[in-house]
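Chemist: Chain by chain, the residues run as shown.
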Amino acid sequence: MSAPAGSAPLPHRSVANIRSPPGAGHHPSGPSTPLRPIPSNFGSPSSLRADEEIIIVEFGTRKLQVGFSGDPAPRGCVWFGPDQQRRVGDFREWQTDYRYDWRRAARHGDSWGRDHELWQYDVRGVDLGLVGDKIERALSEAFTKYLLIDSRPRRMVWVLPSSLPIPLLSAALDSVFSRFQPPTVSLLSSPIALAVGAGVRSALVVDLGWSETIVTSVYEYREVAAKRSIRGGRMLVEQTHKLLAKHLPEDQGGSESKQEYVLSFEECSDITTRMVWCRPRQHSDDDQPASGSLPTVQEHDDAEQPGDSPTPGRTSTVTIPLKSWLSPTSLELPFNALSEPCEDAFFDSHYSHTSFDDHELPLPLLVYRSLLQLPVDVRALCMSRIIFTGGCSNVLGLRGRIFDEVSELVRERGWDPVQGKGVEQLRANPKLKRRGVRQTGESPMGVSSPPGDGEEQDGVWHDAANTAPEADPIEEQLQRGMDRRPRVQGELRAIESLGAWSGASLVTHLKAPAVAAIDREVWLQHGAAGAVRASDVDYKAQRQSLGAGGLMRGSAAGSAWTLGVWGAV
Amino acid sequence: MAALTPYTYIRCPCSDVSAPGRPLDGSSPMAAAADDNGAGDDDDRTFDPRAPRSNYSLYPLEYLLYCEDCHQIRCPRCVAEEIVSYYCPNCLFEVPSSNLKSEGNRCTRSCFQCPVCLGPLAVTSLETKPDPSLLAAPDNAAAPHAGPYALTCSYCHWTSAEVGIQFEKPNGIHAQLAKLRNGGATRLTAKERKERRKDPAYRTQAAAAPAPATAGGEEGGPSSSAEVLDLETQFANLKAFYQGQLADPNSADSGLAALSDLGFSSPTSLSRIMSIYTGGGWQDKKAKSRVGAMREALEPDEGLQPARLDESAAIDRLRSEGHGATASAAQLRDQPPNLGEAHLHGRARFASELRPIPYLLRTKRSKRCPVCRHIISKPEAKVQTTRFRIRLVAGSYIPSIAVRPLPLSSSSSSGSGGSASGPAVVPGALLEPLRPAHYLLTFKNPIFEPVRVTLGAPARTPGRFASKVTVLCPEFEIDANTDVWDEALKESGERDRDKDRRRRRGEEGGGQSSSNNPHHSQLEVGKIWERGRNWVSIVVEVVPASLRLAPGDPPLREDEDVLEIPMFVRVEWEGEAGGDDVGAAAGRDAAKEAREKRELAYWCVLGLGRIKQT
Ligand SMILES: [Zn+2]
Ligand SMILES: [Zn+2]
Ligand SMILES: [Zn+2]
Ligand SMILES: [Zn+2]
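Those protein sequences? They're chains A and B, same order as listed. Heads up: the first sequence at position 246 corresponds to 246 in full-length UniProt numbering, and the numbers run straight through without jumps. Heads up: the second sequence at position 258 corresponds to 258 in full-length UniProt numbering, and the numbers run straight through without jumps.
Since the hints were made in silico from the structure, they are not lab data. Remember, it's a predicted structure, so these values are computed and weren't measured experimentally. Don't be surprised by glycine CBs; every beta carbon is placed ideally from N, CA and C. Some hints here could point you the wrong way.
[Claimed, not checked] So the derived label-pair ranges between C-beta atoms look like this:
#, chain 1, residue 1, chain 2, residue 2, range
1, A, Glu332, B, Gly244, 28 to 34 Å
2, B, Ala178, A, Glu332, 39 to 45 Å
3, A, Asp90, B, Cys372, 15 to 21 Å
4, B, Leu92, A, Glu53, 22 to 28 Å
5, A, Phe91, B, Phe350, 30 to 36 Å
6, A, Glu343, B, Leu547, 39 to 45 Å
7, A, Glu53, B, Ala313, 48 to 54 Å
8, A, Asp83, B, Gly172, 32 to 38 Å
9, B, His374, A, Arg114, 47 to 53 Å
10, A, Glu412, B, Ala178, 44 to 50 Å
This is chain A alone, in the form it adopts within the complex:
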């Protein structure tokens, strides 16, 4: 999926050089000999030692976040957009009469908004060199404007989505190694960084991202499974556009100008950030038990029934100014209509659950199925450590809604992977669902269930054939010995992470070696082809069976290096 059409799979070559544990054996900073006479930006010695500062870069589809290891938050954030892609010295965006002709740009393929993205995961037809250029320019801006650093080489840690296709990673490394000359670039997957940033070792990371939503199960700092849906920020903005377009008067231009988009991406994106919100779960009559679990949300739920006004006597309409329409105008909308984009993009509740393909699952179902596929002990931990992240987690009400819907799915179905009429009737038997979901507000921290509790709750799942061995003496001994304080498990609970950037800052600050560390010299010599598959380095097993599996730095023998989860071509 990730390889460009026609290119052969990468040979699994071994290279001699490998990054050793921190501090030892990595390439010393300072001038290095370029393999080709490319200008190198290494600097001269100075009183300030540059190699003490490790730069952490978090890559997103729409922005880069950049800062120093040990800081609680990134120092700067650079967004991708058409203005960033102009020639140096092209100041047209500053001219008062200039207006970016988004209509024109939008008619090239499906590029409405694409000029605000660093990359698309479907790398067919992607200009990888351009990706490298964009990264280089964004990093230069961040370094100059926010980090205020010179061009001496500095070690870098990159935080990346684990689904990033290797051609994109490769393009990014090519660009950065040749322009910024870091002695090493270490890679860290964002779900792991998020778990560290939340203080947990296991988590269910729900990344409500721009191009997709990915639910990653992290168990003991490992990504053990990932499920994705194309429902993400891009779809939300598209739906917002649809909503606004629906309320605008018909285009006067007639059939000749059948514009797909009547408003600019920038404007729709802005309105989405400002105004779009998410309705609480609409509960049906047989829902009574669930309403107890989240009292505040339920309370609000009643006020949000369509047609109801939350405060009697106030008309709930909002006025939205629009600048990018044919002529500037302002649009009056019922406030409730502004929750529609969210419904359409993330829930699609008017369709049956069975009518969705795997890659377009509504988010609650995506989360539920992600939990469902996990082994019981992993699930017990993950479900109590749900971390919402990604740009769309800022949509008001969305996290709560997903959480409530998942709670309801769990209440309704338990953890039986088999679904059907008969199964549902069987489960309707109150004895089977007696435990249901524990009230999440009851013991958010500290107080937790005894170790066996999660399993008991997951009784249905235990009957399934492929379950994990129930009792592991070593595991139990371990838990008694090391982890005397009981862990919260078996109940749905959401926790906050500082974010992937900050998690990576902690990891780096604590000097934990990253997943995959790439030495500049080795990269320039061999590129991605030199990397060994993670499974070859780490464990002679089919890593495909793990989903997004291992995260490793190098073999014990130290004879190979890897791109970790990103190395699967």
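For this one, chain A is given, so just place chain B with the ligands on it according to the hints.
Modeler: Chain B with the ligands in isolation, oriented as in the chain A frame:
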């Protein structure tokens, strides 16, 4: 369509090797990509100024520097930078580099930008009208007015009082602001929190307080704020927790090494997962026994933060206050990360949550050639001056190219027939598709040696709309840039010089001019148009493409109607051998022999004008 002034961009040669410095082989994804998009990274292929990547390698001449030792252009991408000084662009105070790590990248005095319009904010007394002298000097400690004070924007009239932020003193605003939440409530600094938590009286009080529900809509008042960690505190708590865990002597492995075995990189953890999936036994029981040595955070003191998912209060507020009360995406992006906020999810959304933006510091940088390490640009260290002590601008070393339409129709309207093109005469006028037009390119030599220029341009411009291009005289010499007083001497012999110029013009083309109409004759291939002391003009003939689109074609991109021609420029001259190459013993006499051939070659792009859309 806006008029277009002809322009020139230069592509720095460093872009030729921007591809990785390793052999491209077929199995590399990079190589596959290079074949696909053909951005033209080598001289054999025509450089396409329209390719999206070209925007990253093209510079106006003024942005380029030059290394005298390497005889090479240096662009912002291929210089090594060193920081001369850090300063605040508002108060122009220099900031010692040691402060950056501790204080961050923003001015910590009283310099703020308006969160609404980015204009500078001034400290004003809320009691009286703003005093102009105070506006000019935000740090004026001897402010005549009594407090409270606020930050006020003189452009959009935003004031921090609007968001409930007032200051007791007119100076040290940065420190005061750090302790204030919007709305006026004070916030504890990280240090104060830490001390407060140690206080036994506080601890019991906190324990008595009900734990926040997962979905509780608790407002972050000062009393309950201990439970709702702000970013800074959560980070500090987590850091302390991890450090404590790693240092715990009860851990199977003490010290930092433990963490690495605990999952970030250890193969054994993978095998552990494997066994879960396959149902097999543990691969390495010993290694496994170390897993779990470090427990996870269990309470806010350790950095664990239960999520508050109920956002109904914010939704209600959005409903009642509407679009006007929200901050725009652009305003939110300009906000610095506020470590005092509860969490990423609680970050500003309403205009009332915007905070004054402390000015980002800037740097003065000197630039070195990355290859030979010579300094090619060095600013004066003093912040207040914009002068440079050293600045080797490329414009002093490589020929400049000026482009203007050639008004053939006025000078030779008769006889030249179709080759004269009316519309091109008016600067900025649209080019007629398929009608030949002429442009005069004037190359000016800035160096004190004569240079030989060789031009190469593709016969048809790359891209969707191929215009025909003919450089009438692709090879010529430009005389040295002689001293000005030298020139003054020549002024007296202006007539002779003029004659001489004519004569040389004829010679250069390799034949005699047959026509008595000088303009007409210069349209012949191989003839330059005009020559001066250190400049030469030549003519380029273009036949603009028709921009007509076939049905179903995507419409024109932005600027796709601009006729841009890529041109490869090779400049050759003889110069004194560089000091590096010649032995120190080499005397004056040897200098002449030490002259060596130099060459500089690069792509440039000439933007001629817009083609009329039919
Ligand atoms: Zn360059
Ligand atoms: Zn200042
Ligand atoms: Zn303002
Ligand atoms: Zn040099």
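Chemist: Now look at each hint and say whether the structure bears it out.
Modeler: Going through the hints against the structure:
no., hint, in the structure
1, A:Glu332 x B:Gly244: 28 to 34 Å, "violated (56 Å)"
2, B:Ala178 x A:Glu332: 39 to 45 Å, "holds (41 Å)"
3, A:Asp90 x B:Cys372: 15 to 21 Å, "violated (31 Å)"
4, B:Leu92 x A:Glu53: 22 to 28 Å, "holds (26 Å)"
5, A:Phe91 x B:Phe350: 30 to 36 Å, "holds (33 Å)"
6, A:Glu343 x B:Leu547: 39 to 45 Å, "holds (44 Å)"
7, A:Glu53 x B:Ala313: 48 to 54 Å, "violated (41 Å)"
8, A:Asp83 x B:Gly172: 32 to 38 Å, "holds (36 Å)"
9, B:His374 x A:Arg114: 47 to 53 Å, "violated (42 Å)"
10, A:Glu412 x B:Ala178: 44 to 50 Å, "holds (49 Å)"
The structure fails hints 1, 3, 7 and 9 (numbered hints given earlier, in ascending order).
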